[in-house]
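Participant: Modelling step: build the complete structure from the supplied sequences, incorporating the hints.
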Amino acid sequence: MSEALTIEGLVKQFGGLTATDHLSLSVTEGEVHAVIGPNGAGKTTLIGQLTGEITPNAGTIRFAGRDVTGLPVHQRSMLGLARSFQITNVLADFTARANVALAVQAHQGHSFRFWRKAATDPRLIGPAEEFLATVGLADRADIAASSLSHGEQRQLEIAMALATQPAMLLLDEPMAGMGPEDSARMVEILKRLKGELTILLVEHDMDAVFALADRITVLVYGRAIATGSPEQIRNDPDVRAAYLGEETGDA
Amino acid sequence: MQMIRFGFIALVMLALAAVPAVATAIDEPFYISLFTRMLVLAIAASSLNLVLGYGGMVSFGHAAYLGLGSYVVGVGFYHAANDGMDWALNGWLHLALTIIIPGLAALLIGAISLRTRGVYFIMITLAFSQMLYYFFIGLERYGGDDGLSLWYLSDFGSVMDLNDDSQLYYLAYGLLVLVLFILYRLVNSRFGMVVRGAKSNERRLMAVGFPTYRYRLVAFGISGAICGVAGFLMANQSEFVSTSEMHWVHSGDLIVMVVLGGMGTLFGPVLGAVGFLMLEQYLPELMEGICHIIGGNSCGIAGEYWKMVFGPLLILIVLFARGGIDGLLQGKVGRNV
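So the protein sequences, as listed, match chains V and P. Numbered according to our numbering, the first sequence terminates at residue 251, and the numbering increases by one at each position without gaps. Numbered according to our numbering, the second sequence terminates at residue 337, and the numbering increases by one at each position without gaps.
Just so you know, these hints were derived from the structure itself, not from any lab. Some hints could be false.
[What the hints assert, rightly or not] Pairs of lysine to any residue residues, derived as SDA-like cross-links and limited to a Cα-Cα distance of at most 20 Å, are as follows: (1) V:LYS117 <-> P:LEU266; (2) P:LYS199 <-> V:ALA119; (3) P:LYS199 <-> V:HIS74; (4) P:LYS199 <-> P:PHE121; (5) P:LYS199 <-> V:LYS191; (6) P:LYS199 <-> V:PHE114; (7) P:LYS332 <-> V:ILE143; (8) V:LYS117 <-> P:LEU108; (9) V:LYS117 <-> P:VAL218; (10) V:LYS191 <-> V:GLN153; (11) P:LYS199 <-> P:PRO211; (12) V:LYS117 <-> P:LYS199; (13) V:LYS117 <-> P:ASN188; (14) P:LYS332 <-> V:PHE114; (15) P:LYS199 <-> V:PHE112; (16) P:LYS199 <-> V:THR95; (17) P:LYS199 <-> V:ARG113; (18) V:LYS117 <-> P:TYR184; (19) P:LYS199 <-> V:ALA144; (20) P:LYS199 <-> V:ASN89; (21) P:LYS332 <-> V:LYS117; (22) P:LYS332 <-> V:ALA144; (23) V:LYS117 <-> P:LEU178.
Facilitator: The structure is reproduced here in structure tokens:
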């Protein structure tokens, strides 16, 4: 198996705070790789650097065999690196269908097409409705994104990420703020994607992480203190001390 | 409610089409020039609406493109009148250049301004338009501060004669309809979806792979080009070209028209321009009349204070009529606060 994403010696400092501290990490093609860690461990900063919104101070990010460290956000997306946001980040005044259609459009060449109506273009609407169906929103296509429930908006996030036909998904806390029912539905959706896509999953919900991940990396103060299978992580004494201990209370 | 809205808009467009005939019939040619101005400003406000209403880019400098368009006519006239360059009066040439020059200017100004956001964007577009304003004041040759009176208008040979107020009116009407049709196609195209999406959530659009800057810039250029056409009409309507058209106050007026009519709707700016000029024209008379009715003294002054009523009226519309006049027609009376 080859590496889909390789991070080497990544450093990001905000003033005196080192949010990412000489982090090296690799994600194998086809795996679900979870990144966990307590609040402030630098998980969202890491996602930001992977997508290109945050520029690292040092280190390299390689994706699909090329160095993407200096590439802007939209070009990384074009290479097949898609993300979902921690805080729901959809186009609020667009319908669910139009949200996904825009993501489809982004990967059908340039959009300097000034005349033909986009809302009835079968090349956009067809795929958009398929992706909505994939995440279970087929019957909600005509609803404005702002009128969808929180859980549905998170599903829409995933549909938009999928619509860019990525090789790899970066999921920043897809279960954030969800009740148990919505969470379970999201786990089901992600399970279906498993194997088709490489996924980097940042998540607080331990049930979801252990249900989905092939490998887990534990981040503490911007450093990876352990990487391994869920079983190894569960039994790692450092991890139990630094992180899981707080959750299970038996450290 | 949609029926009321479409009915009202159709009524306004039909009424506008009938203006020259009615004005001639009641022998009040003044109305033709008043309504020509409405059509001209409706085109300018519609062009601003593309960036402001659909694109979320608050340009506070659109008077510059209006002014550039009118100076194309002014400069052409100057050389035709003084240097015997008759070709410089060619109306088709004027029309082409009033698209190209303000369009290019908007691309240049946009290329720099669109790297900023929010208040900075507002201020930088304002600054650029004021730069052009002072540049033309400094151009003594073309009248400088005093402006240029046009003895000859843009020449379209035997096709039409802009000295005939009715013909100029129908040219403006035709161009407005054309502009609205082009904007309709534009905002619903793939390009339009990107521009509107960038207004709604630019970060998300970049994340799915759009280089949003390019699309916003092209929208800005198209907007400037359309606004230039309004400048071309304005010069021929007023038979005068001056720097005062480029003053920032007029950029503000255009924003008011868009907001008054309804941002991000196709016909909103048309309704806004008509409403704005109606108020500007008739509010003073109305106030003077009310003053007489309640038996006040020196009522001539009352009309001069029309802006004291106009201002609060605008505030009320912004606060309580979500979506301006167009919003009211759709029954959206929801408050914005």
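Participant: With reference to the structure, classify each hint as holding or not holding.
Facilitator: Cross-check of the supplied hints:
1. V:LYS117 <-> P:LEU266: holds, 15 Å
2. P:LYS199 <-> V:ALA119: holds, 18 Å
3. P:LYS199 <-> V:HIS74: Between LYS199 of chain P and HIS74 of chain V the Cα gap is close to 17 Å, so the pair holds against 20 Å.
4. P:LYS199 <-> P:PHE121: Distance ~14 Å between LYS199 of chain P and PHE121 of chain P Cα, so the pair holds.
5. P:LYS199 <-> V:LYS191: violated, 34 Å
6. P:LYS199 <-> V:PHE114: holds, 18 Å
7. P:LYS332 <-> V:ILE143: With a Cα-Cα distance of about 19 Å, the restraint between LYS332 of chain P and ILE143 of chain V holds, given a limit of 20 Å.
8. V:LYS117 <-> P:LEU108: The given pair, whose Cα atoms are some 29 Å apart, is violated under the 20 Å limit.
9. V:LYS117 <-> P:VAL218: holds, 18 Å
10. V:LYS191 <-> V:GLN153: holds, 19 Å
11. P:LYS199 <-> P:PRO211: Given that 20 Å is the threshold and the Cα spacing comes to 14 Å, the pair holds.
12. V:LYS117 <-> P:LYS199: Distance of about 19 Å is within 20 Å: holds.
13. V:LYS117 <-> P:ASN188: Holds, at roughly 5 Å.
14. P:LYS332 <-> V:PHE114: Distance of about 30 Å is beyond 20 Å: violated.
15. P:LYS199 <-> V:PHE112: With a Cα-Cα distance of about 17 Å, the restraint between LYS199 of chain P and PHE112 of chain V holds, given a limit of 20 Å.
16. P:LYS199 <-> V:THR95: Holds, at roughly 15 Å.
17. P:LYS199 <-> V:ARG113: Distance ~18 Å between LYS199 of chain P and ARG113 of chain V Cα, so the pair holds.
18. V:LYS117 <-> P:TYR184: holds, 9 Å
19. P:LYS199 <-> V:ALA144: Cα-Cα ~16 Å, so holds.
20. P:LYS199 <-> V:ASN89: At roughly 13 Å apart (the allowed maximum being 20 Å), ASN89 of chain V and LYS199 of chain P satisfy the hint.
21. P:LYS332 <-> V:LYS117: violated, 26 Å
22. P:LYS332 <-> V:ALA144: holds, 17 Å
23. V:LYS117 <-> P:LEU178: Given that 20 Å is the threshold and the Cα spacing comes to 17 Å, the pair holds.
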